[in-house]
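Enquirer: Numbered by full-length UniProt numbering, the letters in the sequence shown go through residues 1 to 383 in order.
Incorrect hints may have been included.
Using 20 Å as the maximum straight-line C-alpha spacing, the simulated EDC-like pairs for lysine to aspartate or glutamate come out as follows [unchecked claim]:
1. LYS229 / ASP62
2. LYS52 / ASP362
3. LYS115 / GLU166
4. LYS87 / GLU180
5. LYS52 / GLU381
Taking CB as the label site, the calculated pair distances span [unchecked claim]:
6. ASP349 / ASP325: 52 to 62 Å
7. THR65 / ARG173: 49 to 59 Å
8. PRO187 / SER125: 34 to 44 Å
9. ALA147 / ARG173: 20 to 30 Å
10. VAL54 / LYS371: 49 to 59 Å
11. LEU259 / GLN370: 25 to 35 Å
12. LEU322 / GLY278: 19 to 29 Å
13. ASP349 / SER276: 15 to 25 Å
Hints are computed from structural coordinates only; laboratory data are not their basis.
As the structure is a computational prediction, the values presented were derived from the model and not from experiment.
The C-beta atom is built at its ideal place from N, Cα and C for all residues, glycine as well.
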Amino acid sequence: MKHNHASASRSGTRRHNRYVPMGLLLLAGLLAGCEPQEVTQQDPLVPVKAIKVVPQDVELLDQFTGEVSSAQQIELRARVSGVLEQKHFADGAMVEAGQLLFSLDDRDYRARLQKARAELSSARSDYNRARLDVERYRPLLKTQAIARRVYDNATAAMNAAASQVENAEAAVRQAELSVEYAAIRSPVSGRIGAADVDVGDLVNASSTLLASVSTVDSSWIYFSVSESKLLQYERVHGRIDMETGEQTSVQLILADGSLYPYPGRINFADRALNASTGTFRLRAEFPNPDGLLRPGMFARVRVVTEVAKDVIAIPDRALSQLLNDYFVTLVEEGDVARQVSVKPGPRQDGLWIIEQGIEAGDRVVIEGIQKARDGMRLKVEHL
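The task is simple: from the sequences and hints, build the whole structure.
Expert: Right, dumping it as structure tokens:
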């Protein structure tokens, strides 16, 4: 029995020893397979785009909401009464200064003009007769062929006739104006709204609204600012110059978020604080050569309230955020990535001012940040 156990033990040992070399071979193969993989991970360079940090001045802006209004919006009313005979424009069209817009029935005014001219002609004839009498009596008076009273009466009659001529001339001018006013013309160039009257309507002088016309070459936007903002603004730009507005350049953001291409200027500031709102009302004027701005449009006015001098500012896409911490990826010597913590400051128009963490001359990754982990070698394209 002892022999059998010993024999079984030796047999099991031999079977076990047969598997040992196989395990060692597998382990050696795995170790050998790992070595090329490590080399492969180190070889590829991560492509990124980077910028070199340069100090710059950044304008910091505040934004205020407002509504576009025309620099001139005129309500058209007739200066004489009459029945509307014709309309000479299409609703919403552009019109020129002096363009004929409405015609009233002017037959009555033309008849009055004709009568006034006839009365003027009669008055002038009376004056000429009186003048001739005076000229005829003057030499007779010198020779005492007529009494002084006759000459004085003739002179008085001539003066009265001259006054009648002046009155008749004034009546003609008034009648001519009535005929002229029966043709309503645009006082300015701009865009006209829909007519508020129809052909055949009775138009009353000074009271009936015919239409409204707005200038389009420039537009106004009223907005309100707090007392502290106004003081901050004037510390940066100086006192608002109402004559030129040169120090008060402002920008306009349209309802679709786009930047209006023409800068404006502040041309009005209210004389006193509005006690109920605690704000001052300002007005910005913007050129409108393309007619894009129309009364009633919503807009946002942006005003430079501070100019940050020689600051470090980078595109906001260069920052990564983790909870309340912000990071940027720098390109170190040898084109190796290194993440650093930064303290961001004000943000403006796609730029973020960095108050702490990077300095002038640093190279900051702005594209490819997600793949550029700490310590990785980079293939850098400098922008």
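Enquirer: Now tell me if each hint is right for this structure.
Expert: Do the hints match the structure? See the list:
no.	hint	verdict
1	LYS229 / ASP62	9 Å, holds
2	LYS52 / ASP362	6 Å, holds
3	LYS115 / GLU166	15 Å, holds
4	LYS87 / GLU180	16 Å, holds
5	LYS52 / GLU381	11 Å, holds
6	ASP349 / ASP325: 52 to 62 Å	24 Å, violated
7	THR65 / ARG173: 49 to 59 Å	51 Å, holds
8	PRO187 / SER125: 34 to 44 Å	40 Å, holds
9	ALA147 / ARG173: 20 to 30 Å	40 Å, violated
10	VAL54 / LYS371: 49 to 59 Å	26 Å, violated
11	LEU259 / GLN370: 25 to 35 Å	30 Å, holds
12	LEU322 / GLY278: 19 to 29 Å	40 Å, violated
13	ASP349 / SER276: 15 to 25 Å	34 Å, violated
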